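*Asks:* Given these sequences and hints, build the entire structure.
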Amino acid sequence: MVSQPVIRAENLDLTFQTNDGPVHALKGVNLTIDKGDFVSFIGPSGCGKTTFLRVVAALEHPTGGSISVAGMSPDEARRKRMYGYVFQAAGLYPWRTIRGNIKLPLEIMGMPRDEQEERVERVLELVDLKGFGKKYPWQLSGGMQQRASIARALAFDAEILLMDEPFGALDEIVRDHLNEQLLKLWAATDKTIGFVTHSIPEAVYLSTRIVVMSPRPGRITDVIENPLPRERPLDIRDTPEFLEVAHRVREGLRAGHAYDD
Amino acid sequence: MKSVLPILTVVAAIVVMWYAAAIGMNAKWAREQAARQGVELGFTELVADTWSQDRPRLPAPHQVLEELWNSTGAKILAGKTWSKRSLIYHGWITLSATLAGFAIGSLAGILLAVGIVHNKAMDMSVMPWAIASQTIPILAIAPMIIVVLNSIGIQGLIPKAIISAYLSFFPVVVGMVKGLRAPGREQLDLLKTYNASGAQTFWKLRLPASVPYLFTSLKIGMAASLVGAIVGELPTGAIRGLGARMLTGSYYGQTIQIWSALFAAAILAAGLVGIIGMIEKLMLRRMGVRT
Chain A
0 MVSQPVIRAE NLDLTFQTND GPVHALKGVN LTIDKGDFVS FIGPSGCGKT
50 TFLRVVAALE HPTGGSISVA GMSPDEARRK RMYGYVFQAA GLYPWRTIRG
100 NIKLPLEIMG MPRDEQEERV ERVLELVDLK GFGKKYPWQL SGGMQQRASI
150 ARALAFDAEI LLMDEPFGAL DEIVRDHLNE QLLKLWAATD KTIGFVTHSI
200 PEAVYLSTRI VVMSPRPGRI TDVIENPLPR ERPLDIRDTP EFLEVAHRVR
250 EGLRAGHAYD D
Chain B
0 MKSVLPILTV VAAIVVMWYA AAIGMNAKWA REQAARQGVE LGFTELVADT
50 WSQDRPRLPA PHQVLEELWN STGAKILAGK TWSKRSLIYH GWITLSATLA
100 GFAIGSLAGI LLAVGIVHNK AMDMSVMPWA IASQTIPILA IAPMIIVVLN
150 SIGIQGLIPK AIISAYLSFF PVVVGMVKGL RAPGREQLDL LKTYNASGAQ
200 TFWKLRLPAS VPYLFTSLKI GMAASLVGAI VGELPTGAIR GLGARMLTGS
250 YYGQTIQIWS ALFAAAILAA GLVGIIGMIE KLMLRRMGVR T
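Residue numbers (numbering that gives the first Met the number 0), protein chains in the order written: chain A, 0 to 260; chain B, 0 to 290.
Just so you know, the hints here were simulated from the structure itself, not pulled from any lab data. Being a predicted model, the structure only gives us computed values, none of them experimental. Possibly wrong hints are sitting among the right ones.
As the list claims (entries may be wrong) - Under the rule of at most 30 Å between Cα atoms (straight-line distance), these lysine-lysine pairs were calculated in the DSSO-like manner:
(1) Lys133(A) to Lys280(B)
(2) Lys183(A) to Lys191(B)
(3) Lys280(B) to Lys26(A)
(4) Lys119(B) to Lys1(B)
(5) Lys119(B) to Lys27(B)
(6) Lys79(A) to Lys280(B)
(7) Lys191(B) to Lys133(A)
(8) Lys34(A) to Lys79(A)
(9) Lys183(A) to Lys34(A)
(10) Lys280(B) to Lys134(A)
(11) Lys133(A) to Lys203(B)
(12) Lys129(A) to Lys177(B)
(13) Lys34(A) to Lys280(B)
(14) Lys129(A) to Lys203(B)
(15) Lys177(B) to Lys134(A)
(16) Lys191(B) to Lys129(A)
(17) Lys183(A) to Lys134(A)
(18) Lys119(B) to Lys79(A)
(19) Lys203(B) to Lys134(A)
(20) Lys191(B) to Lys177(B)
(21) Lys191(B) to Lys134(A)
(22) Lys129(A) to Lys183(A)
Claimed, not checked - Estimated spans, in silico, between C-beta atoms of each pair:
(23) Ile274(B) to Gly45(A): 39 to 47 Å
(24) Thr134(B) to Arg112(A): 26 to 34 Å
(25) Leu206(B) to Pro21(A): 32 to 40 Å
(26) Arg78(A) to Gly183(B): 20 to 28 Å
Yeah, the Cβ is synthetic: ideal placement off N, Cα and C, and Gly gets one too.
*Replies:* Structure follows, in structure tokens:
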């Protein structure tokens, strides 16, 4: 299969003007993400990984360079609902049931009622929450809530899934479980995923490519192709291959930090 | 049951203090009366007298309760529910103005809040005026509202309702603005990723998020409405309503009448706020809030 770029950033700059002077959140970022890729962004706080994701989602606007999402501008892609975005907080509406929450984007898009129902059923099954549709968010654990928010992003079947530290607030056991599920989901749907994380094992376990970033100015210091097979049981994390990739990520992070202190 | 005991304790303490205060405040009159008749009062006689005067400075609780009963329950039993001496009649006059004022005030408050949240110009301009409006003493502005409206032929319920609305719109504006702005950046960003319209953001996110704030404001607004309606009855020489009842009571030194009207107003307010509280509970339960 010939890979086609879904996200292409060229020489991307984003400078925020603050009271303490300009902050270079992104500087000279070049990156191409192909269809079906699972790309992780890793780096310390302030390295621009979240900002980059927000630029892709047209929630921030670059001050220089160019970016295209599915062959159009990010804002056009947003209007055409080309991507689903998962935030760090599940952000479910407490006054809606899980089912109602997943329906939210479908209602906004004006989908017919019966199709809404059908899609909700399908994604509930996909994230393993079948039978929880009638519950309210507070009746679910943190991990289940985050799964529901992923289901909400999947419900309208966007090509691209952007995830901003979706499991950051969860404990490691739950996180392992969700990582495993996310890989299955990705295999089943063939979506292009951009995934922001703080965790090296998470990045290596999940991605086909790992983008290492560093702060001040926010930039890409290394892009690592992950040689691990797409089929990944959890214990792949104990293999030498896995540890080698993790080591390279750590090296990249350290190199990025050399400018500091 | 646990919550009842502390409340009863407080009530009992208030009643004890009240009876004691009634002795202190009414003793002078009792002694003067006794001196005029040339009799010396013993302590028990003095106490008995201070608790049973016709026009005491401070009527004792049982006198107020008796008057309350005489002007409500007893009137109903006598088939004179709507007589001019019935507090039910006066209460209804005040209640109708209160409810009308509450409706106008709440609606105005909600609409203003929606405007403030969605329109930058309104955000900058309306709030200072709303705050300024509340710094004007209502007693100063009430007669003017009544005179102005009277000169264009509007009288009765409407002027009182407008004064009442003047007091009640403010807490609703403040609470509703806070409620409509309660959704955080992530929640608004999420809707942006769905390319949701402004109207969809309002109906699906801002409005439901504001409901708990709205009810808190409505409770304050309801109490303010009642105060407004009563104040609206004071400066006009009105002869109907709880405010008028208090006013005529003070003209003729009928302290018991004043106090019973005060109590009627307090009971009314408690009832109205309680009803809003019940609606709030039902509504929030329907919205899936943990109870």
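*Asks:* With reference to the structure, classify each hint as holding or not holding.
*Replies:* To see whether the hints hold, each was checked on the structure:
{"no.": "1", "hint": "Lys133(A) to Lys280(B)", "in the structure": "21 Å, holds"}
{"no.": "2", "hint": "Lys183(A) to Lys191(B)", "in the structure": "28 Å, holds"}
{"no.": "3", "hint": "Lys280(B) to Lys26(A)", "in the structure": "52 Å, violated"}
{"no.": "4", "hint": "Lys119(B) to Lys1(B)", "in the structure": "49 Å, violated"}
{"no.": "5", "hint": "Lys119(B) to Lys27(B)", "in the structure": "63 Å, violated"}
{"no.": "6", "hint": "Lys79(A) to Lys280(B)", "in the structure": "40 Å, violated"}
{"no.": "7", "hint": "Lys191(B) to Lys133(A)", "in the structure": "26 Å, holds"}
{"no.": "8", "hint": "Lys34(A) to Lys79(A)", "in the structure": "17 Å, holds"}
{"no.": "9", "hint": "Lys183(A) to Lys34(A)", "in the structure": "17 Å, holds"}
{"no.": "10", "hint": "Lys280(B) to Lys134(A)", "in the structure": "19 Å, holds"}
{"no.": "11", "hint": "Lys133(A) to Lys203(B)", "in the structure": "19 Å, holds"}
{"no.": "12", "hint": "Lys129(A) to Lys177(B)", "in the structure": "36 Å, violated"}
{"no.": "13", "hint": "Lys34(A) to Lys280(B)", "in the structure": "50 Å, violated"}
{"no.": "14", "hint": "Lys129(A) to Lys203(B)", "in the structure": "25 Å, holds"}
{"no.": "15", "hint": "Lys177(B) to Lys134(A)", "in the structure": "28 Å, holds"}
{"no.": "16", "hint": "Lys191(B) to Lys129(A)", "in the structure": "28 Å, holds"}
{"no.": "17", "hint": "Lys183(A) to Lys134(A)", "in the structure": "25 Å, holds"}
{"no.": "18", "hint": "Lys119(B) to Lys79(A)", "in the structure": "28 Å, holds"}
{"no.": "19", "hint": "Lys203(B) to Lys134(A)", "in the structure": "19 Å, holds"}
{"no.": "20", "hint": "Lys191(B) to Lys177(B)", "in the structure": "21 Å, holds"}
{"no.": "21", "hint": "Lys191(B) to Lys134(A)", "in the structure": "26 Å, holds"}
{"no.": "22", "hint": "Lys129(A) to Lys183(A)", "in the structure": "16 Å, holds"}
{"no.": "23", "hint": "Ile274(B) to Gly45(A): 39 to 47 Å", "in the structure": "53 Å, violated"}
{"no.": "24", "hint": "Thr134(B) to Arg112(A): 26 to 34 Å", "in the structure": "51 Å, violated"}
{"no.": "25", "hint": "Leu206(B) to Pro21(A): 32 to 40 Å", "in the structure": "38 Å, holds"}
{"no.": "26", "hint": "Arg78(A) to Gly183(B): 20 to 28 Å", "in the structure": "23 Å, holds"}
Of the numbered hints stated above, those contradicted by the structure are hints 3, 4, 5, 6, 12, 13, 23 and 24, listed in ascending order.
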